[in-house]
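Chains as they are written, first to last, in my numbering: chain P, 1056 to 1374; chain V, 12 to 558; chain E, -14 to 203.
Don't take each hint at face value.
[Said to hold, decoys possible] Simulated DEER-style distance windows between Cβ atoms:
no., chain 1, residue 1, chain 2, residue 2, range
1, V, 35, E, 51, 37 to 47 Å
2, E, 186, V, 544, 37 to 47 Å
3, E, 112, P, 1343, 19 to 29 Å
4, P, 1119, E, 189, 48 to 58 Å
5, E, 107, V, 534, 52 to 62 Å
6, E, 107, P, 1303, 47 to 57 Å
7, V, 494, P, 1100, 23 to 33 Å
8, V, 550, P, 1116, 40 to 50 Å
No lab work stands behind these hints, which were simulated from the structure alone.
Beta carbons are placed, not taken as given, at the ideal position from N, Cα and C, and that holds for glycine.
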Amino acid sequence: MGSLQLLPPSASAHAADMDWLFAALLGVSAFILLLVFGLMILFCIRYRKGSKVERGNRLGRTWRVEVAWTGLTFAAFLVLYFWGANLYVRIHSPPGDATDIYVVGKQWMWKIEHPGGQREIDTLHVPVGRPVRLVLTSQDVIHDFAIPAFRIRQDAVPGRYETLWFTPTEVGEYRLFCAEFCGTWHARMGGTVVVMEPSDFQRWLDSQDPGPSLAQEGEALFRSYGCSGCHGGSSTVHAPRLEGLFGRPVPLEGGRTVIADDRYIRDSILMPKAEIAAGYPPVMPSFAGQIGEDDLLKLVAYIKSLADKTADSVERPAP
Amino acid sequence: MTTATVTGKPEEPVVATKNYLTEGGVTLRSWLLTRDHKRIAILYTLSITLFFFVGGAAATLIRLNLVTPSGIFTPDIYNRLFTLHGVIMVWFFLIPSIPNTMGNFLIPLMIGAKDLAFPRLNLLSWYLYVGAGFLALFAIVIGGVDTGWTFYTPFSSLYSNGYVVLALAAVLAVGFSSILTGLNFIVTTHRMRAPGMTWYRLPVFVWSNYATSVIMVLATPVLAITLILVAAERLLKVGIFDPALGGDPLLFQHLFWFYSHPAVYIMILPGFGVISEIVPCFARKPLFGYKFVVWSSIAISVIGFFVWAHHMFVAGISLYAGLVFSLLSYVIAVPSAIKVFNWTATLHKGWISFDAPMLYALGFIGLFTIGGLTGLFVANLAFDVHVTDTYFVVAHFHYIMVGGMVSAYFGGLHYWWPKVTGRLYPEWWARIAALLIFFGFNLTFFPQFILGYLGMERRYYSYPPEFQAWNILSSAGASVLAVGYALPFFYLGWSLFRGKRAGANPWAATGLEWQTPSPPPTHNFDRTPTVSRPPYQYRPEPEPQDV
Amino acid sequence: MSDTAPIPRPEPQYATAGQQAEAATFGMWVFLATEVLFFGGLLLAYTWLRASHPDGVAEAGRHTKVVIGSVNTMVLLTSSLTMAWSVHAAEQGRQKALTRLLAATALLGLLFLGLKGYEYHGEWTEHLVPGLNFHQDGPHARTIELFYFLYFLLTGLHGIHVTIGIVLIALLTVRARRGAFSARCYTPVEVTGLYWHFVDIVWIFLYPLIYLVGRSGP
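Hey, can you work out the whole structure from these sequences and the hints?
This is the structure:
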């Protein structure tokens, strides 16, 4: 039947921070509640019909009292707001050395792919003490990747990438849930997050079917979809080279600059006319509807793997 | 209490034989074609009660299913049950509840008018409601919908195999009913007040319904267009909400919540109005800080339009959007806090009695405060990331909607029962029901806060075994709550035939509605009243007839 | 029509006819506020489409029939003129002018609908009707489909509002001809006028967003 637990396991650095925030919220609420309930009960007893206490000299001008209790409660609320906002910003600022793991939700399972190509379904193995960044998307409807023990969750939305990061602090196994209603088996779309000692984790990685890494698969797709036809070294088409692109700023037509991140790469494949690199003609065709989410992730992983490479041939001058 | 008019002179209960129930015909036709706001209010009360029990039946089955981790229903049935529960309770119970029953009956009386500005529009509102209700029941009976009351795309537009379009049509129709009611109330409040009834002499109940009506007329049209877009996408397989078709699912969420967040204020503001009438009466003291209470309602109505994306903190909105919407959500807590403080302060140095309406009102203040405080939890960005879509949120909104609004509804029902029916309800049964409801409610929903923080997700027909203990407690509470809700149905029904006759003013309350017989005549007042004093002119001392 | 024409008794809930007239006018303003939000929701969807797919929307805009759209704009604007003029005539108690101007407004409305129908027919033959008869080539086909999806919803809903307006104005014309209105009692004309002007204003927003997008510049 399970015991009457009050708190979930706390298995990430953020979880501990969250529990402090929870305690503060509880504390402020309990204080206000006790005040209100206490006064209500006190007044109901003291001033009940027929009681002989003094009722004269009632408060005339209420203005000062109103401002006082309004101001004080608002000040308390603002402190809580800033605390929570601060934590929220931190949840959304992954460290640069986080390992990227790709997660695709679909009715009704989670497909997880490690950068080395290891794949799992409904289970996520991670090493303790190392930051992990999840890149989430969905193949069909909106899902949500929720890990209560880490106190985080994020929607997996079809058509876009969302990210979530954490650093596990406790070895163990923790529940993973889907937290956005997605159809019949929504309640069964869960699994386990397995946090291991780094050595155990390495052993686990090595024991997985050593298929090609995501980036290697992406390289094969880069050729089979014809991307290398324009973006490869021997192309006669004036297309941007992708070596050294990922993570760097890209000046666009019209003056804006964007950073070439996962989203930019993905959108460039699906909606190439949305953000045209400055100096290049808008001739890239869209691959929307032709490349599934899995393959998109692999292409992104491949282009990411080129981040530290340089183009082999000389850059063609702009027209 | 024996009856008394505002001047304090006791009088024998006058059996008002010529009243709105007996005048104007007693045939079904006279009721179905009535233009009398009081009869329309009764029609609404009957239909709303029906839907309350339909929604309640779904809730009963849900709590039954959640007693065991593996559930007793198949997931498809369970998913249809919670969708039914949400759709019915939100649109067919909560939103029309106080406005269309008590608002319809009392607003003209409270302002000294003979009817609302547009009586035929009022009747049309009811027919739209009933028509929509038939559509909804039909959709349920032929197989139901499983999208949740929130209809998120692309699940609802492309993947669900429930009767989505029918459900959308039902909600569209009831939405128009809501818009027309709001329009009627706004024009009535502006244009039909009796001589001397200035804005600052209006009872807070009228102000609350006015603030509610502003939201109804401005927010509901956005819902209408959103539902049309989803229906069109589903029928034509073209649309702006599914990425596979080139659309954006977040666009749906923004459009949906732009209505649905203000909608929750539609659902609670009238409750604030009822409490603001009951507490001064049973504390025999003017409402503390009348102007603050009034303007806090308007503030909630306005600010409520600017917080919708706090439902989307993990949906994929930008960091900056999150920061802004969370801050505004904290701001909107302030006016609600003001009200709670003011009601409590009204009790100070009062002359307090504990009739059933007051018990419901006190219960409201307690349960709404808990619900409102937990609103601060979910408004908190980091905290919400952990608890959104869990039972924490479910508990939060049930504390406000059920602990708050339904308590206010029952409180108002009991308070104005003598006025509407000319009968007194049996006081002890009413108090027992009020206490059962308070106790049963807390037992049902408090464990859900704990479940939510532990990580139990919403809309789950089955759950991991470690959550069972709290679920059993919650379901046990639900059984007590069910008894508490069923009781009034019986004793109020009984009182219609056997209850003691009520006079014009059994509570010795202020307010124009008490200045006319119980039940009122069709034309409300024999002579249009003139108003010269502020509302809530109570004094915390024994009534003359008690001496 | 003369000053001796009786003012109809106010409905029982009103103390005076003046109160009823004010309530009616105020009610129409509140109703128009709801309509602003109604069309506003659709315009938000349009804004999203245009912001996220600017090139596709520009391409789609070039498929619209700008001549018909522009003529229709003139027609509707003129009908607003005749409507406003008719309210003025009512104020002055000129029954004949009132009747003629109301009739003219209704006819212009019918002309608008007729041209719209012709336009829809054209779109049907060009396979621009999403979900029912749509086929376009080119890289922007999907966006064009979404644009036309919103186009038919926007103009369709607008057209329904125009139709309702025409019916109301036609009824007013008949009543005006029978002398139902006088300089002291013409609220229905005024209230319908408000509605008609609103319908016109919605079109003024729709026109550039539908017909002029993608047509500026080289």
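Structure-based check of each hint:
1. Between residue 35(V) and residue 51(E) the beta carbons are some 58 Å apart, a value that contradicts the proposed interval 37 to 47 Å.
2. The supplied range of 37 to 47 Å is met by residue 186(E) and residue 544(V), whose beta-carbon atoms lie about 45 Å from each other.
3. A hinted range of 19 to 29 Å for the beta carbons of residue 112(E) and residue 1343(P) is consistent with their spacing of about 21 Å.
4. The beta-carbon spacing between residue 1119(P) and residue 189(E), approximately 51 Å, falls within the hinted interval of 48 to 58 Å.
5. Checked against the given bound of 52 to 62 Å, the beta carbons of residue 107(E) and residue 534(V), roughly 58 Å apart, stay inside it.
6. Taken as a hint, the range 47 to 57 Å holds for the pair residue 107(E) and residue 1303(P), whose Cβ atoms sit roughly 49 Å apart.
7. The given range of 23 to 33 Å is respected by residue 494(V) and residue 1100(P), whose C-beta atoms sit roughly 28 Å from each other.
8. Checking the proposed 40 to 50 Å range against residue 550(V) and residue 1116(P) shows it is violated: the Cβ atoms sit about 19 Å from each other.
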